[in-house]
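Peer 1: Quick mapping for you: the protein sequence lines, in order, are chains A and B. Heads up: the first sequence begins at 1 in my numbering, then just goes up one per residue. Heads up: the second sequence begins at 1 in my numbering, then just goes up one per residue.
Hint data in this document are derived by calculation from the structure and do not stem from the laboratory. A couple of the hints might just be wrong.
No farther apart than 30 Å at their CA atoms in a straight line, the calculated lysine-lysine pairs in the DSS-like style are these [unchecked claim]: (1) B/LYS192 <-> A/LYS333; (2) B/LYS98 <-> A/LYS333; (3) A/LYS294 <-> A/LYS31; (4) A/LYS31 <-> B/LYS98; (5) A/LYS294 <-> A/LYS283; (6) B/LYS315 <-> A/LYS333; (7) B/LYS250 <-> B/LYS315; (8) B/LYS98 <-> A/LYS114; (9) B/LYS23 <-> A/LYS114; (10) A/LYS96 <-> B/LYS98; (11) A/LYS234 <-> A/LYS114; (12) A/LYS333 <-> B/LYS23; (13) B/LYS23 <-> A/LYS234; (14) A/LYS247 <-> A/LYS114.
Have a look at the derived ranges for each label pair, beta carbon to beta carbon [claimed, not checked]: (15) A/PHE252 <-> B/ALA44: 55 to 61 Å; (16) A/GLU171 <-> B/ILE56: 15 to 21 Å; (17) A/GLU190 <-> B/ASP276: 53 to 59 Å; (18) A/GLU190 <-> B/PRO22: 48 to 54 Å; (19) A/GLY293 <-> B/ARG163: 51 to 57 Å; (20) B/LYS192 <-> A/LEU112: 28 to 34 Å; (21) B/GLN126 <-> A/ALA44: 33 to 39 Å; (22) A/LYS283 <-> B/GLY47: 48 to 54 Å.
Idealized CB from N, CA, C, for every residue including glycine.
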Amino acid sequence: MIQPTADAGPTPAQSLALYERMLLIRRMEEKLSADSAAGVLPGAVHLYIGQEAVAAGVCMQLQETDWITSTHRGHGHFLGKGGDPQAMMAEIWGKKTGICKGMGGSMHVADLTKGILGANGIVGGGLAISVGAAFGEKLSGSGKVAVCFFGDGASNQGVFMECLNVSTLWELPVVFVCEHNHFSEFTRAEQVTAGNIVDRARAFKIHTAVVDGNDVEAVWHAAGTAVALARSGKGPCFIEAETYRIKGHMEFEKELLAGGAYRNQQEIDTWLARDPIASWGGKLTRDGIATPGKLEEIATRVDKIVADAVTFSQNSEPADPELVFDLMFAGQKP
Amino acid sequence: MARRRYTQAINDALFEEMERDPKVIVFGEDVELAIFGDTRGLLARFGHDRIRNTPICEATLTGMAVGAAAAGYRVVLHMMFSNFLYTGFDAIANQMAKLRLMTGGQLELPITIMSGYGGGRSNAAQHSDTPHSLLMNLGGVNVAVPATPADAKGLLKNAIRGRNPTFFMEASGQGATSGEVPEGDYTIAFGKANIARPGRDVTIIAIGTMLRPALAAAQELESQGISAEVLDPRTLVPLDEEAILRSVGKTGRVVIVDEGRDRASAASHIAAVIADEAFESLQAPVKRVTVPNVAMPYAPNAEARVFPSEEHIVKAVTSIARAAA
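Model the full assembly from the supplied sequences, consistent with the hints where possible.
Peer 2: Put into structure tokens, the structure is as follows:
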């Protein structure tokens, strides 16, 4: 794991690792997008494309044993925190070898050994779970932190205010990372969100930061500061990362929208021009940290990881339906 | 054996389990002063890291229970009144009841949620609910309904040491009831019904708070020449179907007494199990004594009108069983 260095910029090795992590998330999801279009996935997928800088920038400031909670758009957080691409792909394909044995699927990828408490199908569902994990770690004096990823949509859930209150009151080591991707499912943020989300956190006089969520270096710096503060016992921090959901709320949404629209192509194109991965790659080559050849080498490696994940999934057996009855309870039939 | 009140027995269980395992923590609204008496004295003994008052934010408290359990704690969350479970229901229904399956068994959640339930004291509609069947329907949670001090202690200790989320439903109206409690450490396994009174002619299945009126009814029925067996399931999830079917197999008649609202109640579930599995033993229709499908009213006479009582139970039994000639 990369050690947090809040002040200095990322080292060349860290810079390349950030690039690779973002690209892995992107390429995995491009494959999932294609699989979804081909109709070969059992369920819906909510893609993170365009937001990769947030997951990568934050997670690379964390230790393996730190906790994260994620959202229904959780593949990026899972991979960002070091989750296994093969086990994730197999999970989404509904296979026995999936990280949750095929019982959770896209919206519930979790790996407790990596501190990943799970993606969550309930908007705002991870907030209180991360606060509870932070409470436990505070009591244990372990020095571990919990990071809660959530969106602008979840910031309108009442539980957000409750979590800010109790974590501030008890000085819990939790970092709230609000990914403002401009959409609450199929509704534009400005239609449902009053004021600035960061102001809600500022009301509690905690450390806050607003960053360009498409700039991985900015996210990385903000996360480094926030994680270090939380780890030092000074209580919660809040980061608002402005980014943009390039894909729809979910794949196949065109059919649901039935000709309706909540945004135009021009808006999407504007954000595509600010793609976090292309921007970071461009900066690395301009600054002499990577040659185009080096970036190509990373892409080749990532493509191999994705291809291996696909092969692994394809070669895996379907989930074991009888497990449903074993897994509801520990040591007890349902 | 020692004579303990229901609330004292719960308090004893909490003391003993917190002594036994430093990972047991208690939190909730007003737990430090303990308005029900069940958490009294814990703060002085165990300190603020082990028991603490929370803000009034049930939606967060239930979620925090999940997170703290994931971080290695055995969580006892006190929700005060069962009606307050409703404000904390997302993390109950969507998270703790499902996370073990959704994570492929990675996550174990040793969580005990305590809350008082039931009416009879003019607490009105928002402090009198009996949500057993709502919880039974969730899937991944246990539901314990102790009726006596001894069972309260043993079931609570079993819940706290367990590996699954458990709702420990406190019989609000019975905090002051006394009973004999075994000395020393003991637990009561889930899914083991208790025959509170043996009988021959009819089975009265009495859930939680309903055990007391059921036993009084059995006494009255005895004087009328009807021998009633009173069965206390002690937990609704898991449910001791075997004991229920054994008793019904013997008596052929059954009345189920439940303080829940009638529609889709614990009683209707048990009736369905009996209809499925013991149809040929039945000599009369299965009867339910429950709260009608109304909210609990405030005025004592109005509340008494809908609250299941000894008289209701006697009437239900005599509608299906006659004294031997």
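Peer 1: If you check the beta carbons of A/GLU190 and B/ASP276, does the distance land in 53 to 59 Å?
Peer 2: holds (55 Å)
Peer 1: Can the restraint linking B/LYS98 and A/LYS114 be considered satisfied, given a maximum Cα separation of 30 Å?
Peer 2: With Cα atoms ~20 Å apart, B/LYS98 and A/LYS114 stay inside 30 Å; holds.
Peer 1: Is B/LYS98 close enough to A/LYS333, meaning Cα to Cα at most 30 Å?
Peer 2: The given pair, whose Cα atoms are some 14 Å apart, holds under the 30 Å limit.
Peer 1: Check whether the Cα positions of A/LYS96 and B/LYS98 lie no farther apart than 30 Å.
Peer 2: holds (18 Å)
Peer 1: Would you say the C-beta atoms of B/LYS192 and A/LEU112 sit inside 28 to 34 Å of each other?
Peer 2: Check passed, 32 Å falls within 28 to 34 Å.
Peer 1: For the range 48 to 54 Å, tell me whether the beta carbons of A/LYS283 and B/GLY47 fit it or not.
Peer 2: holds (52 Å)
Peer 1: Sort out whether A/LYS31 lies within 30 Å of A/LYS294, counting only the CA atoms.
Peer 2: The given pair, whose Cα atoms are some 23 Å apart, holds under the 30 Å limit.
Peer 1: Is it true that the C-beta distance of A/GLU171 to B/ILE56 lies inside 15 to 21 Å, as the hint says?
Peer 2: holds (20 Å)
Peer 1: Please verify whether A/LYS31 and B/LYS98 have alpha carbons no more than 30 Å apart.
Peer 2: holds (29 Å)
Peer 1: Take the C-alpha atoms of A/LYS234 and A/LYS114, compute the straight-line distance between them, and say whether it is at most 30 Å.
Peer 2: The hint holds at about 24 Å.
Peer 1: Okay, A/PHE252 versus B/ALA44 on CB: inside 55 to 61 Å?
Peer 2: For A/PHE252 and B/ALA44 the Cβ distance comes to about 59 Å; the hint holds.
Peer 1: Can you confirm whether the C-alpha distance between A/LYS294 and A/LYS283 stays at or below 30 Å?
Peer 2: At roughly 13 Å apart (the allowed maximum being 30 Å), A/LYS283 and A/LYS294 satisfy the hint.
The structure fails to meet hint 6 from the earlier list, while all remaining hints are met.
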